[in-house]
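Novice: The primary structure of each chain is shown beneath.
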Amino acid sequence: MSLGIRDILNKPRLLPGTSACPGCPENIALKSISMALGENAVFIVVAGCSSIIQGMGPKSTYNYPVLNIAFAAGPAAAAGMAKAFKMRNKDIKPVVWAGDGGTADIGFASLSGAAERNDNILYICVDNEAYMNTGGHRSGSTPFGARTASTPGGKKENKKDLPLIMMAHHIPYVATASVGYLHDLMEKVKKARSIEGFTYIQVLTPDPYGWMFDPSKTAEVGKLAVQTCYWPLIEYENGKLTISQESMHCLDKRTRKPIEEFLKIQGRYKGVSQEVVKGLEEYIEKMWERIKSIYEGKVIL
Amino acid sequence: MISKVISGNEAVALGVKLSRVKVIAIYPITPQTYIIEELAAMRDKGELDAEVIRVESEHSAMAAVYGAASAGVRVYTATASQGLLYMHEMIWWVAGSRIPIVMTVGTRAVGAPWNIWNEHTDFMSERDSGWLMAFASTPQEALDLTIQAFKISEDERVFLPMMVGMDGFILSHTKTRVYIPSQEEVDSFLPSRKQPYVLDPEDPVDIGNMFQPIDYMKLRHSMHLAILNSKEVIREIGKEYEKKVVPVGSYSSLNESYKLDDAEYAIVSMGAWSLDAMQVVDELRNMGVKIGLYRIRYIRPWDEEDIKRKLGDKDGILVFDRSVSFGRGGHLYLELKATLPDVNIKGIVTGLGGVAIGKDVISSLTRKFIEGKTSDEWFYPSEVEKVELRNPRYIK
Ligand code: SF4
Numbered sequence: 002m003s004l005g006i007r008d009i010l011n012k013p014r015l016l017p018g019t020s021a022c023p024g025c026p027e028n029i030a031l032k033s034i035s036m037a038l039g040e041n042a043v044f045i046v047v048a049g050c051s052s053i054i055q056g057m058g059p060k061s062t063y064n065y066p067v068l069n070i071a072f073a074a075g076p077a078a079a080a081g082m083a084k085a086f087k088m089r090n091k092d093i094k095p096v097v098w099a100g101d102g103g104t105a106d107i108g109f110a111s112l113s114g115a116a117e118r119n120d121n122i123l124y125i126c127v128d129n130e131a132y133m134n135t136g137g138h139r140s141g142s143t144p145f146g147a148r149t150a151s152t153p154g155g156k157k158e159n160k161k162d163l164p165l166i167m168m169a170h171h172i173p174y175v176a177t178a179s180v181g182y183l184h185d186l187m188e189k190v191k192k193a194r195s196i197e198g199f200t201y202i203q204v205l206t207p208d209p210y211g212w213m214f215d216p217s218k219t220a221e222v223g224k225l226a227v228q229t230c231y232w233p234l235i236e237y238e239n240g241k242l243t244i245s246q247e248s249m250h251c252l253d254k255r256t257r258k259p260i261e262e263f264l265k266i267q268g269r270y271k272g273v274s275q276e277v278v279k280g281l282e283e284y285i286e287k288m289w290e291r292i293k294s295i296y297e298g299k300v301i302l
Numbered sequence: 005m006i007s008k009v010i011s012g013n014e015a016v017a018l019g020v021k022l023s024r025v026k027v028i029a030i031y032p033i034t035p036q037t038y039i040i041e042e043l044a045a046m047r048d049k050g051e052l053d054a055e056v057i058r059v060e061s062e063h064s065a066m067a068a069v070y071g072a073a074s075a076g077v078r079v080y081t082a083t084a085s086q087g088l089l090y091m092h093e094m095i096w097w098v099a100g101s102r103i104p105i106v107m108t109v110g111t112r113a114v115g116a117p118w119n120i121w122n123e124h125t126d127f128m129s130e131r132d133s134g135w136l137m138a139f140a141s142t143p144q145e146a147l148d149l150t151i152q153a154f155k156i157s158e159d160e161r162v163f164l165p166m167m168v169g170m171d172g173f174i175l176s177h178t179k180t181r182v183y184i185p186s187q188e189e190v191d192s193f194l195p196s197r198k199q200p201y202v203l204d205p206e207d208p209v210d211i212g213n214m215f216q217p218i219d220y221m222k223l224r225h226s227m228h229l230a231i232l233n234s235k236e237v238i239r240e241i242g243k244e245y246e247k248k249v250v251p252v253g254s255y256s257s258l259n260e261s262y263k264l265d266d267a268e269y270a271i272v273s274m275g276a277w278s279l280d281a282m283q284v285v286d287e288l289r290n291m292g293v294k295i296g297l298y299r300i301r302y303i304r305p306w307d308e309e310d311i312k313r314k315l316g317d318k319d320g321i322l323v324f325d326r327s328v329s330f331g332r333g334g335h336l337y338l339e340l341k342a343t344l345p346d347v348n349i350k351g352i353v354t355g356l357g358g359v360a361i362g363k364d365v366i367s368s369l370t371r372k373f374i375e376g377k378t379s380d381e382w383f384y385p386s387e388v389e390k391v392e393l394r395n396p397r398y399i400k
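Chains as they are written, first to last, in the working numbering: chain A, 2 to 302; chain B, 5 to 400.
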């Protein structure tokens with residue numbers, strides 16, 4: 002599906018004056034996603050930075066209908082909403098907007114339930130790899146070795162593989178994206194919007210505050226994550242996995258950029274041991290082996 | 005209108021269907037499960053024009069109906085016990101958003117330890133959440149209150165969610181004769197849905213975002229006023245229901261009084277055992293005791309004026325509670341004491357976890373009270389010495 006410039010230049014969906022930090026990746030993602038979605042969008046915002054970014058009620062910087070909701074409730078609320086719009090004959094596919102904590106941890110049962118029922122919703126997980134709105138605590142999606150407020154010595158466990166877990170729910174569409182590649186993100190959103198049923202997109206949103214890098218470098222860090230193959234850009238549609246152009250080079254280990262380039266730009270990995278670097282390399286290697294075997298049809302999900 | 009011998013659960017399911025609900029979230033928990041099974045079956049047979057969502061938890065059940073209601077349709081769900089507690093967070097969320105929703109609670113004890121029988125502690129634990137809370141004493145009333153609840157909840161002077169309680173098993177599973185209104189009767193009573201906030205791309209609203217302290221507090225105050233306003237609304241709607249829908253039962257007042265006018269003593273109670281209490285009143289009246297019954301139908305709103313008017317001059321009031329605030333006493337007792345600080349009021353907590361309380365127990369406790377022989381003990385039966393904890397040990 003191609004995305005023409007005319008498709009995205011509609012009225013602004015994010016009004017000026019949000020309360021986001023400078024360089025906020027969620028702001029960037031939200032702006033692009035809502036432009037790609039067009040007119041008939043309704044958002045369900047699960048507790049997180051985006052509950053705050055919209056500004057103080059009764060005013061709002063989000064230029065579309067929003068239902069803010071408790072942490073664990075997003076997918077279920079969206080499921081109810083999708084049914085209500087159906088009963089009212091409205092062509093609206095509700096969009097759940099949730100962070101990685103809301104997705105990997107507290108909201109996981111609700112996410113899995115809605116996916117299993119194949120409710121007609123678009124679930125977007127903005128993955129900044131920690132509970133950034135609550136002071137930068139580790140979540141199930143925080144990677145190995147990363148320092149957070151609750152893992153000052155670095156996290157001991159690997160990142161939860163949410164995209165693969167979602168694929169195993171046999172939903173019609175799963176994709177990953179990065180704020181480093183907005184065009185790719187918007188195309189995936191447009192596609193997910195057009196597919197009936199439960200669609201899931203996980204966007205890597207590098208956070209200047211939690212990851213500790215200069216706020217002008219958000220997009221750059223998002224790109225490095227993809228170039229070093231730490232973050233894969235993939236799509237899974239009707240049981241078939243495809244690798245997006247920007248990630249094709251990851252299939253061959255030799256063409257991957259060294260992980261150090263992704264790590265050295267961030268404060269959360271400052272001065273980590275070779276062991277952590279090795280651990281992350283292993284993680285990347287194993288992840289790509291898994292992706293490859295699905296891609297090549299050796300493993301059927 | 006037809007009449008049928010049905011259970012409380014069946015009566016509620018029929019009430020929901022007649023109210024033309026559009027989205028129903030279902031999750032099983034005893035003793036309400038039959039309601040949602042019945043609704044799912046009606047939908048399957050094409051008798052019910054609604055979407056049924058089989059959610060994965062009660063938290064999600066409330067979230068799902070909340071999402072659907074904010075998108076502009078009439079919704080319903082039911083729960084009990086642990087399920088109600090699991091929903092607790094979303095119950096507050098719905099009330100704070102001023103979104104009309106109706107739910108049934110088939111009351112049941114809360115663990116630990118496990119216990120599936122009846123008590124009212126689950127229901128009472130939502131007393132401060134901003135929901136309107138009615139409690140039925142018969143399957144008929146459960147049906148009537150369910151239909152009325154949609155209209156009350158969707159009244160612009162209220163715009164708050166409403167839950168209707170009924171005693172688990174005692175009402176949910178017991179079959180009695182119930183008058184079922186016709187669809188035309190209910191349609192003439194219940195107009196199409198009204199609500200203050202609707203999610204529509206043509207008119208974007210932002211529900212539930214961050215509020216400044218002063219705006220947050222204004223909203224909380226508005227909920228308080230809405231609960232107060234709802235008293236008049238409930239009376240109005242109750243009268244209209246009597247006129248348009250069903251000639252049995254009286255809904256022109258929030259609570260029910262029985263032989264109270266000339267009474268010196270009064271029993272106060274809520275739920276199914278109020279009917280036993282009514283018989284006790286008759287029995288004691290035959291013995292020459294001037295006694296009456298005040299049956300609480302609405303815990304929220306609390307009809308303070310009516311309680312003062314009807315009970316303020318009594319020599320003694322005995323309150324039967326099926327729930328407890330530990331170390332303080334029954335909830336109804338505490339509410340009555342706050343309403344009538346100068347009246348001789350005594351409270352009994354009983355029937356917890358399904359302890360069978362019949363007419364005879366109510367009668368003997370009431371007689372003891374009138375004779376001035378009640379001890380300071382709150383609990384009946386009072387057998388606490390039989391709960392033996394194990395010998396304590398220090399843990400290394
Ligand atoms: S903490 Fe991160 S995600 Fe949250 S507002 Fe700031 S930059 Fe955005």
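Worth flagging that the hints you see were computed from the coordinates, not collected in a lab. From the three backbone atoms N, C-alpha and C, an ideal C-beta is built for every residue, glycine too. Be careful, since some hints might not be right.
[Unchecked claim] Negatives, chain B to chain A, calculated, CB over 10 Å:
#	residue
1	K26
2	S74
3	R313
4	R394
[Said to hold, decoys possible] Label pairs and their in silico Cβ distance ranges:
#	chain 1	residue 1	chain 2	residue 2	range
5	B	G50	A	K299	53 to 59 Å
6	A	S195	B	Q216	47 to 53 Å
7	B	P117	A	A110	47 to 53 Å
8	A	A110	B	Q216	55 to 61 Å
9	B	S226	A	P259	56 to 62 Å
Novice: Indicate, hint by hint, whether the structure satisfies it.
Specialist: Hints and how they fare:
no., hint, in the structure
1, K26, "5 Å, violated"
2, S74, "5 Å, violated"
3, R313, "40 Å, holds"
4, R394, "35 Å, holds"
5, G50/B with K299/A: 53 to 59 Å, "46 Å, violated"
6, S195/A with Q216/B: 47 to 53 Å, "40 Å, violated"
7, P117/B with A110/A: 47 to 53 Å, "25 Å, violated"
8, A110/A with Q216/B: 55 to 61 Å, "33 Å, violated"
9, S226/B with P259/A: 56 to 62 Å, "59 Å, holds"
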